[in-house]
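**Student:** Use the sequences and the hints to build the structure in full.
Quick note, the sequences are listed as chains A and B, same order.
Using the working numbering, the letters of the first sequence map in sequence onto residues 1 to 262.
Using the working numbering, the letters of the second sequence map in sequence onto residues 1 to 452.
To be clear, the hints were calculated from the coordinates, so they are not data collected in a lab.
Beta carbons: idealized from backbone N, C-alpha and C, even for Gly.
Do not take every clue at face value.
Partial selection, computed: residues in chain A whose CB lies under 8 angstroms from chain B [as the list claims (entries may be wrong)]: (1) His-58; (2) Pro-59; (3) Val-63; (4) Gly-87; (5) Leu-90; (6) Ile-98; (7) Pro-99; (8) Gly-100; (9) Val-101; (10) Gln-166.
Listed next, the in silico SDA-like pairs over lysine to any residue satisfying Cα-Cα at most 25 angstroms (straight line) [claimed, not checked]: (11) Lys-173(A) / Ser-416(B); (12) Lys-238(A) / Val-19(A); (13) Lys-159(A) / Glu-428(B); (14) Lys-116(A) / Glu-428(B).
The lines below spell out each chain.
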Amino acid sequence: MMTEGSEVILSVRDLTAEVDGTPILKGMSLEIKAGEIHAIMGPNGSGKSTFSKVLAGHPAYEVTGGEVIFQGQNLLEMEPEERARSGVFLAFQYPLEIPGVSNLDFLRVAYNSRRKHQGLEELDAFDFDELIQEKLDVVKMDSAFLSRSVNEGFSGGEKKRNEILQMAILEPKLAILDETDSGLDIDALKIVANGVNQLANPENAMLVITHYQRLLNYIIPDRVHVMANGRIITSGTKELALELEARGYDWLLEAETAEVAV
Amino acid sequence: MTTQVSPKREVGYLSELLQQRPSLDVQAIGAETVAWLQEIRDRSTPIVRELAIPTTRDEEWRFTDLSSLLKVNFAAAKPTSPLPDISSLVLPEAAASRLVFVNGFYAPELSSVAGIPEGVFAGNLWANEIPRWRDYLAKLPGGQEVFSALNTASLTDAAVVWIPKNRSLEVPIHLLFVSTAGELPTVSQPRCLVVAESGSAVTVIEEYAVCPHPQPLSHRRGGQEYAAYLTNAVTEIWVGENAQVTHARMQREGEEAFHVGKTAIAQARHSRYTCCAVSLGAKVSRHNLEIFQTGEGTETILNALTKIAGEQLADTHSTIALNHPYGTARQVHKCIVGDRAHAVFNGKILVPKPAQLTDAGQLSRTLLLSPKARVDTKPQLEITADNVKCAHGATVSQLETDEIFYLQSRGLDADSARNLLINAFATEIVDRIPIASLRQTISQIVRSNPIS
Chain A
1 MMTEGSEVIL
11 SVRDLTAEVD
21 GTPILKGMSL
31 EIKAGEIHAI
41 MGPNGSGKST
51 FSKVLAGHPA
61 YEVTGGEVIF
71 QGQNLLEMEP
81 EERARSGVFL
91 AFQYPLEIPG
101 VSNLDFLRVA
111 YNSRRKHQGL
121 EELDAFDFDE
131 LIQEKLDVVK
141 MDSAFLSRSV
151 NEGFSGGEKK
161 RNEILQMAIL
171 EPKLAILDET
181 DSGLDIDALK
191 IVANGVNQLA
201 NPENAMLVIT
211 HYQRLLNYII
221 PDRVHVMANG
231 RIITSGTKEL
241 ALELEARGYD
251 WLLEAETAEV
261 AV
Chain B
1 MTTQVSPKRE
11 VGYLSELLQQ
21 RPSLDVQAIG
31 AETVAWLQEI
41 RDRSTPIVRE
51 LAIPTTRDEE
61 WRFTDLSSLL
71 KVNFAAAKPT
81 SPLPDISSLV
91 LPEAAASRLV
101 FVNGFYAPEL
111 SSVAGIPEGV
121 FAGNLWANEI
131 PRWRDYLAKL
141 PGGQEVFSAL
151 NTASLTDAAV
161 VWIPKNRSLE
171 VPIHLLFVST
181 AGELPTVSQP
191 RCLVVAESGS
201 AVTVIEEYAV
211 CPHPQPLSHR
221 RGGQEYAAYL
231 TNAVTEIWVG
241 ENAQVTHARM
251 QREGEEAFHV
261 GKTAIAQARH
271 SRYTCCAVSL
281 GAKVSRHNLE
291 IFQTGEGTET
301 ILNALTKIAG
311 EQLADTHSTI
321 ALNHPYGTAR
331 QVHKCIVGDR
341 AHAVFNGKIL
351 VPKPAQLTDA
361 GQLSRTLLLS
371 PKARVDTKPQ
381 LEITADNVKC
391 AHGATVSQLE
401 TDEIFYLQSR
411 GLDADSARNL
421 LINAFATEIV
431 DRIPIASLRQ
441 TISQIVRSNP
451 IS
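**Tutor:** Right, here's the structure in full:
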């Protein structure tokens, strides 16, 4: 929901980044305010996933220019865990499996590191259990998942739901969903989208990165951006996503190339 | 095997070690026992005289260099007075079923056998029970191996556990071998004998640990608190028909220690032996684990965790020698290696013709925490039976950047993320330690010992 005068959650200006010396982001700019849901679409290799990882602080990506301000703080100077504790959350495209660590313990450790950062008392196992039961409903997950190792042996849909469960626990200010819809059947997609919608509120912001318009039938974006060649080439309302679905990306890419050529 | 000319040092060194064996005191031990021990010693002494300390030219010691051992001149450990404080090593579950040996000497003052029920025996060798022990002590195969032979040729006392027929012992028995490393390098040669008669069940915790010397050292030089010491241990376990032995072996020797340990197990028909071996300490350690199947339908479960750092070397050589049908063996060996440490694993499983319908599986998994850390792992399945199921696998991995990043992105700092992953790797084995308090202690050591 876009409202005039809302707090700016994320402000990205002329961001450039590379991996192993290859430039991937080439002047990315974006502003997201509290209460807004933005979607970034774009063809494969346009830099969408890189952008999400740079925001979360993945060490493999080197920022070579520009700035990222998150709630008034210079995000690029912060360690990945500081970003997380300050309220940045990345739902991974491919969540990792951690055999030997129970999902419940993992969620509690994550939750308590956020609490500690906020100057709040850490929750013990008992109190945390109560909290988690309530959050399980958001993604319609069975509590049996809690005693299993993190993502180990989970189906694709279960892994994505587990990401949203983590998001529900951590209550981020900025949630970045990196292709959360990829590989999901329609039922799992609805559950995930429904979870995200329950968590969106006027205080936080969502950045939904997707290759397909389908997800945006369920998570309605306020703004849609199209990325190509490491930057946003056009932005619009949710209707832009429908147009992309109908016409593909080529017309935009051609226009972009023509523009560069001029 | 190759024949080789041993350099003088390896030969001379071994005979020096043999000379350090304690004399058998008739007054303390009793004439009958002394005669019997002397007989056992006399069988092994000639074997020792023909052998030498192995070098890396010996196939079985290819990766484990003992040359640093040869630089230390060990003297026999002496009875310690006053006795050390072992309170931190006491297991509440075995508070009244504990035998303590200090520097190889039985310490009844630190032991407690009040919880051992009648009919079960837990004590040292000098009790007058020789007739029934005669058939078991130093009777398992493999006694010709150099360190085992040295231990037997030096045999003075032993921790003995005897579970009678069809008796299931609820309390675990804790066999605690404490070294109080002092100013001078010393050698001790602990020995255990466990006999579980048919249909019985018992849990035994065999532990090697270091305790601060009760008297402060007068000359501490260069920040080195303790002198080196050598533990050369042999444990024999007889698992009777349909009996169950659950065995935890904890090696938590001091930083300057050399530890050589043999665990030899005879498994009778339909018996079950479960081992959880944890190696954390010692500068150089070697564990020889040997299972001899003496009847069909045995079940053998071997779990092991080695966690080393610094310049430590930890070697495990295991052999499961099957010789009857319907045996099952499950082995998981895990190593966590940091800094410039070096882990060695050689896992032999012998499945000869008579061992048809064997079902054996072996998995060796290593986590290397530093670019200089090293592991040499070798599964060695020798199968001539034609109707068996045998599988093995070995993995060597590192902590992945993406794994650490995933945890960081959930608010854990990089060190906590690493520790969590290391702990997760160890959990599979730690969870199988049969005693809750020990499980907790080991879990804490694994967790609180970050290796960079």
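**Student:** Each hint: holds or not?
**Tutor:** Hint by hint, here is what the structure shows:
Annotation: His-58(A) was flagged as interfacial toward chain B, and the flag holds, the nearest CB pair being 5 angstroms apart, inside 8 angstroms. Among the interface hints, the one on Pro-59(A) holds; its C-beta lies about 6 angstroms from the nearest C-beta in chain B, closer than the 8 angstroms criterion. Interface restraint check: Val-63(A) against chain B, minimum CB-CB distance 15 angstroms, threshold 8 angstroms, status violated. Interface hint status for Gly-87(A): violated, as the beta-carbon distance to the closest one in chain B is roughly 10 angstroms, over 8 angstroms.
The interface hint given for Leu-90(A) is met, as the beta carbon of that residue sits about 5 angstroms from the closest beta carbon of chain B, less than 8 angstroms. The restraint placing Ile-98(A) at the interface with chain B holds, with a minimum CB-CB distance near 6 angstroms, inside the 8 angstroms limit. Hint on Pro-99(A) holds. Least Cβ distance to chain B is approximately 6 angstroms, under the 8 angstroms limit. At about 3 angstroms, the closest approach between the beta carbon of Gly-100(A) and any beta carbon in chain B falls short of 8 angstroms, and the interface hint on this residue holds.
A hinted interface residue such as Val-101(A) counts as satisfied when its beta carbon comes closer than 8 angstroms to some beta carbon of chain B; here the least separation is about 5 angstroms, so the hint holds. For Gln-166(A), the interface hint holds, the least distance from its beta-carbon to any beta-carbon of chain B being 6 angstroms, beneath 8 angstroms. Restraint check for Lys-173(A) and Ser-416(B): satisfied, since their Cα atoms lie roughly 24 angstroms apart, inside the 25 angstroms limit. Taking the CA atoms of Lys-238(A) and Val-19(A), the gap is about 31 angstroms. The hint is violated against a cut of 25 angstroms.
Simply put, Lys-159(A) and Glu-428(B) have alpha-carbon atoms about 22 angstroms apart, close enough for the 25 angstroms limit, and the pair holds. Restraint check for Lys-116(A) and Glu-428(B): not satisfied, since their Cα atoms lie roughly 30 angstroms apart, outside the 25 angstroms limit.
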